[in-house]
Amino acid sequence: MTKVEELVKKEAEIHGHNRESLMPILQAVVRSERFLSEEAMVAIARELDISTADVFGTASFYTFMDTVPKGKNIIRVCKTITCHMKGKDAVIAALEDLLKIKLGENTSDGKFSLLQANCLGWCHKGPVMLINDEVYPEVTPESAVEVIQEYLKQK
Amino acid sequence: MDNKIKKVDLIFEKVDYLEILDRSFKRTQDEIILDVIDSGLRGRGGAGFPTGLKWKFAKNEEADQKYVICNADEGEPGTFKDREILTQAPEKVLAGMALCGKATGANEGFIYLRGEYNFLLPSLNATIDKFHKQLKELKFDFTVRIKSGSGAYVCGEETALMESMEGKRGEPRNKPPFPTTAGYLGKPTSINNVETLVFALMIAKEGPTKFREMGTFDSRGSKVFSVSGDTPKAGIYELELGMSLEDFVNEFGDGDTKAVQIGGASGFCVARKHFKETVIGFEGIPTGGSMMLFNSSRSMYNILNDYLEFFEEESCGQCTPCRVGCQQLLKGIEAVKKGVRPPAYLDDLQKLSETMKLASKCGLGQSAPNPFNSIINNFREEIIY
Numbered sequence: 001m002t003k004v005e006e007l008v009k010k011e012a013e014i015h016g017h018n019r020e021s022l023m024p025i026l027q028a029v030v031r032s033e034r035f036l037s038e039e040a041m042v043a044i045a046r047e048l049d050i051s052t053a054d055v056f057g058t059a060s061f062y063t064f065m066d067t068v069p070k071g072k073n074i075i076r077v078c079k080t081i082t083c084h085m086k087g088k089d090a091v092i093a094a095l096e097d098l099l100k101i102k103l104g105e106n107t108s109d110g111k112f113s114l115l116q117a118n119c120l121g122w123c124h125k126g127p128v129m130l131i132n133d134e135v136y137p138e139v140t141p142e143s144a145v146e147v148i149q150e151y152l153k154q155k
Numbered sequence: 001m002d003n004k005i006k007k008v009d010l011i012f013e014k015v016d017y018l019e020i021l022d023r024s025f026k027r028t029q030d031e032i033i034l035d036v037i038d039s040g041l042r043g044r045g046g047a048g049f050p051t052g053l054k055w056k057f058a059k060n061e062e063a064d065q066k067y068v069i070c071n072a073d074e075g076e077p078g079t080f081k082d083r084e085i086l087t088q089a090p091e092k093v094l095a096g097m098a099l100c101g102k103a104t105g106a107n108e109g110f111i112y113l114r115g116e117y118n119f120l121l122p123s124l125n126a127t128i129d130k131f132h133k134q135l136k137e138l139k140f141d142f143t144v145r146i147k148s149g150s151g152a153y154v155c156g157e158e159t160a161l162m163e164s165m166e167g168k169r170g171e172p173r174n175k176p177p178f179p180t181t182a183g184y185l186g187k188p189t190s191i192n193n194v195e196t197l198v199f200a201l202m203i204a205k206e207g208p209t210k211f212r213e214m215g216t217f218d219s220r221g222s223k224v225f226s227v228s229g230d231t232p233k234a235g236i237y238e239l240e241l242g243m244s245l246e247d248f249v250n251e252f253g254d255g256d257t258k259a260v261q262i263g264g265a266s267g268f269c270v271a272r273k274h275f276k277e278t279v280i281g282f283e284g285i286p287t288g289g290s291m292m293l294f295n296s297s298r299s300m301y302n303i304l305n306d307y308l309e310f311f312e313e314e315s316c317g318q319c320t321p322c323r324v325g326c327q328q329l330l331k332g333i334e335a336v337k338k339g340v341r342p343p344a345y346l347d348d349l350q351k352l353s354e355t356m357k358l359a360s361k362c363g364l365g366q367s368a369p370n371p372f373n374s375i376i377n378n379f380r381e382e383i384i385y
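These protein sequence lines are chains A and B, in that order. The first sequence begins at 1 in our numbering and counts up one residue at a time. The second sequence begins at 1 in our numbering and counts up one residue at a time.
Chain A with its partners taken away, still in its complex shape (with noise of 0.2 angstroms):
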């Protein structure tokens, strides 16, 4: 059994094998693996007995559940009205250069994406970035290169 496999398996378990555990089992894999491989959409899919494509038209309809490989850490910055108009395109702008990427590429190294989201519900103290879990909010261009930096020397 591969790593993914034992993960979806151990989820399974905690959450119960129904159609209503899917969602928590996506959100596990993706917490760990940050994106849904083919392989664990169809042990997911093993798992609850139900379809490959049931599974993978479940995940492909949630922004944060991704089908493709992502970096280790996930930035999402806030791109809606306010944070627009607070200045998010700077932001992103230093971040690119920093990570020497482009909006909605990974690193080369594994470690980062670099994503925009929808309204992420700190409109009063944009702009605000995501990092995973983790929110930032009322950042500038220079206080998100610095977390950013903290992030590279922890991991």
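By construction, these hints were calculated from the structure, which means they are not laboratory data. Any given hint could be a false lead.
Computed far set for chain B versus chain A, every beta-carbon distance over 12 angstroms [claimed, not checked]:
id: 1; residue: 74
id: 2; residue: 320
id: 3; residue: 334
With a straight-line Cα cutoff of 20 angstroms, these simulated SDA-like cross-link-like pairs (lysine to any residue) come out [claimed, not checked]:
id: 4; chain 1: B; residue 1: 168; chain 2: A; residue 2: 56
id: 5; chain 1: B; residue 1: 168; chain 2: A; residue 2: 17
id: 6; chain 1: B; residue 1: 187; chain 2: A; residue 2: 20
id: 7; chain 1: B; residue 1: 4; chain 2: B; residue 2: 171
id: 8; chain 1: B; residue 1: 168; chain 2: A; residue 2: 45
id: 9; chain 1: B; residue 1: 233; chain 2: A; residue 2: 72
id: 10; chain 1: B; residue 1: 168; chain 2: A; residue 2: 53
id: 11; chain 1: B; residue 1: 168; chain 2: A; residue 2: 67
id: 12; chain 1: B; residue 1: 7; chain 2: B; residue 2: 246
id: 13; chain 1: A; residue 1: 70; chain 2: A; residue 2: 7
id: 14; chain 1: B; residue 1: 168; chain 2: A; residue 2: 49
id: 15; chain 1: A; residue 1: 125; chain 2: B; residue 2: 232
id: 16; chain 1: A; residue 1: 102; chain 2: A; residue 2: 50
id: 17; chain 1: B; residue 1: 168; chain 2: A; residue 2: 18
id: 18; chain 1: A; residue 1: 125; chain 2: B; residue 2: 254
id: 19; chain 1: B; residue 1: 168; chain 2: A; residue 2: 16
id: 20; chain 1: B; residue 1: 168; chain 2: A; residue 2: 21
id: 21; chain 1: B; residue 1: 168; chain 2: A; residue 2: 20
id: 22; chain 1: A; residue 1: 111; chain 2: A; residue 2: 152
id: 23; chain 1: B; residue 1: 168; chain 2: A; residue 2: 50
id: 24; chain 1: B; residue 1: 168; chain 2: A; residue 2: 46
id: 25; chain 1: B; residue 1: 168; chain 2: A; residue 2: 57
id: 26; chain 1: B; residue 1: 56; chain 2: B; residue 2: 84
id: 27; chain 1: B; residue 1: 361; chain 2: B; residue 2: 171
id: 28; chain 1: B; residue 1: 233; chain 2: A; residue 2: 28
id: 29; chain 1: B; residue 1: 187; chain 2: A; residue 2: 21
id: 30; chain 1: A; residue 1: 125; chain 2: B; residue 2: 306
id: 31; chain 1: A; residue 1: 72; chain 2: B; residue 2: 151
id: 32; chain 1: B; residue 1: 258; chain 2: A; residue 2: 84
id: 33; chain 1: A; residue 1: 10; chain 2: B; residue 2: 148
id: 34; chain 1: B; residue 1: 168; chain 2: A; residue 2: 141
Everything numeric in this text was worked out from a predicted model, so none of it was measured. Built from N, CA and C at the ideal position, the CB exists for glycine as well.
Place chain B on chain A using the hints.
Chain B only, in chain A's frame:
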């Protein structure tokens, strides 16, 4: 100075929620529901359905299992009050759910928390564990679990949310049947916004009169507002409903407010010349709390473009009017801006938006035309030139 903005403190006020619950558990279901009906409380998520009626419908259903859902899929751009309520007063939200459980005869509750708020999970789960112990002491059988979203705005729509909870694509269902008849797993379900549940608890505490006396005939009580944009006072404020937009702008504006978007991306844009006669409430322009202020340095084209991009991405794609309509509105204003299409093309787009309002399956497609029409009507020249 005569201050027409009245600040209220019901949502974040510290209360002995266990005492309120203990007292409520000794009352009948009908007594609790009648109080909520009498208070005039309407759903605070934006749609404004009378909460007491919703609870009554759920209560009247015969079923072996019923559910309570707290809708914490706060995705409307410009809204961030539910996050703050879940951070500052999570116990009151849980108590509101237990109260709803008592009133409707449900013993299981769920909080559907948007994936963007996953950082709240550790503290919320700890609060839930504590709450379960407290309920046990009160000898009331009710459990709460959290279900997480994964970044889909449409899941804030109540039936899409239930689909998502059932492990499916978050595509809205046809209504009827309404969730109070057939909701989560086909069982009667009362689904309420985070803020609504806290107000229900406060109504159980104080009786319906105090709440009823605030606000206006159509919009009783107070509401938590999320204020953002060009304002020196961005943040969260609980205010009495029924104020005019002019009073609001006098309090929160930066002195140069040109327009206010009431109700988030799916709401309406009001230009300065209409501030005076615009009432914030169900008789005027309702809001789930989002108030975005724009000053004269802002391009309304960019703002509309942002809104339409948002809808184009977040439309679930299930029904044609919304899927194609959102794309065409966005493409259309881009084409007009670039001069590829003549200015009169905006009239065609407005006709399309009427179709979207009539033919879309859920609130997303029905309300995506709101910012479009209100911005085109007020700022047509900014869209063209």
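Verification of the hints:
Against the 12 angstroms criterion, residue 74 of chain B falls within the reach of chain A, whose nearest CB is about 6 angstroms from its own CB. Chain A leaves residue 320 of chain B outside its interface by the beta-carbon criterion, the shortest separation being 18 angstroms against a cut-off of 12 angstroms. A cut-off of 12 angstroms between C-beta atoms confirms that residue 334 of chain B is not in contact with chain A; the least separation is 16 angstroms. Of the supplied pair hints, the one linking residue 168 of chain B and residue 56 of chain A holds, its CA atoms being roughly 10 angstroms apart against a limit of 20 angstroms.
At most 20 angstroms may separate the alpha-carbon atoms for a hinted pair to count; residue 168 of chain B and residue 17 of chain A meet this at roughly 14 angstroms. Under the criterion of a C-alpha separation no larger than 20 angstroms, the hint pairing residue 187 of chain B with residue 20 of chain A is consistent with the structure, at around 14 angstroms. The suggested pairing of residue 4 of chain B with residue 171 of chain B is violated, with an alpha-carbon distance near 42 angstroms, which exceeds 20 angstroms. Distance check on the hinted pair: residue 168 of chain B and residue 45 of chain A sit about 13 angstroms apart at the alpha-carbon level, within 20 angstroms; holds.
Taken as a hint, the residue 233 of chain B and residue 72 of chain A pair is broken in the structure, with Cα atoms around 37 angstroms apart against an allowance of 20 angstroms. For the hint pairing residue 168 of chain B with residue 53 of chain A, the CA-to-CA distance comes to about 12 angstroms; that is within 20 angstroms, so the pair holds. Between the alpha carbons of residue 168 of chain B and residue 67 of chain A the distance comes to roughly 16 angstroms, so the proposed pair stays at or under 20 angstroms and holds. Taken as a hint, the residue 7 of chain B and residue 246 of chain B pair is honoured in the structure, with Cα atoms around 16 angstroms apart against an allowance of 20 angstroms.
A threshold of 20 angstroms between alpha carbons decides the hint, and for residue 70 of chain A with residue 7 of chain A the separation of about 18 angstroms falls inside it, so the pair holds. This hinted pair checks out: residue 168 of chain B and residue 49 of chain A have alpha carbons roughly 14 angstroms apart, not beyond 20 angstroms. Proposed proximity of residue 125 of chain A and residue 232 of chain B is supported: the alpha carbons are some 12 angstroms apart, at most 20 angstroms. Distance hint between residue 102 of chain A and residue 50 of chain A is unfulfilled; the C-alpha atoms sit about 37 angstroms from each other, more than 20 angstroms.
Restraint check for residue 168 of chain B and residue 18 of chain A: satisfied, since their Cα atoms lie roughly 12 angstroms apart, inside the 20 angstroms limit. Taken as a hint, the residue 125 of chain A and residue 254 of chain B pair is honoured in the structure, with Cα atoms around 17 angstroms apart against an allowance of 20 angstroms. Between residue 168 of chain B and residue 16 of chain A, the direct Cα distance comes to roughly 16 angstroms. Compliance with the 20 angstroms bound is thereby established for this hinted pair. Using a Cα cut-off of 20 angstroms, the hinted pair residue 168 of chain B and residue 21 of chain A holds, with the two alpha carbons roughly 10 angstroms apart.
Between the alpha carbons of residue 168 of chain B and residue 20 of chain A the distance comes to roughly 8 angstroms, so the proposed pair stays at or under 20 angstroms and holds. Restraint check: the Cα-Cα separation between residue 111 of chain A and residue 152 of chain A comes to about 8 angstroms, which is no more than 20 angstroms; the hinted pair holds. Between the alpha carbons of residue 168 of chain B and residue 50 of chain A the distance comes to roughly 12 angstroms, so the proposed pair stays at or under 20 angstroms and holds. Straight-line distance between C-alpha atoms of residue 168 of chain B and residue 46 of chain A comes to about 16 angstroms, which keeps the hinted pair within the 20 angstroms bound.
In summary, the hint linking residue 168 of chain B to residue 57 of chain A is supported, as the alpha carbons are separated by about 8 angstroms, within the 20 angstroms threshold. Distance restraint check for residue 56 of chain B and residue 84 of chain B: the Cα-Cα separation of roughly 29 angstroms exceeds the 20 angstroms cut-off, and the hinted pair is therefore not satisfied. Distance restraint check for residue 361 of chain B and residue 171 of chain B: the Cα-Cα separation of roughly 10 angstroms lies within the 20 angstroms cut-off, and the hinted pair is therefore satisfied. Note on residue 233 of chain B and residue 28 of chain A: the hinted pairing is violated, with a Cα-Cα distance of about 39 angstroms set against a maximum of 20 angstroms.
Annotation: proposed proximity of residue 187 of chain B to residue 21 of chain A holds, straight-line Cα distance about 18 angstroms (limit 20 angstroms). Restraint check for residue 125 of chain A and residue 306 of chain B: the C-alpha separation of about 18 angstroms stays at or below 20 angstroms, so the hint holds. With a C-alpha separation of about 19 angstroms, the suggested pair residue 72 of chain A and residue 151 of chain B falls inside the 20 angstroms cut-off, and the hint holds. Only pairs whose Cα atoms come within 20 angstroms are accepted, and residue 258 of chain B paired with residue 84 of chain A is accepted, the gap being roughly 18 angstroms.
Using a Cα cut-off of 20 angstroms, the hinted pair residue 10 of chain A and residue 148 of chain B holds, with the two alpha carbons roughly 19 angstroms apart. Between residue 168 of chain B and residue 141 of chain A the CA atoms are separated by roughly 38 angstroms; this puts the pair beyond 20 angstroms, and the hint is violated.
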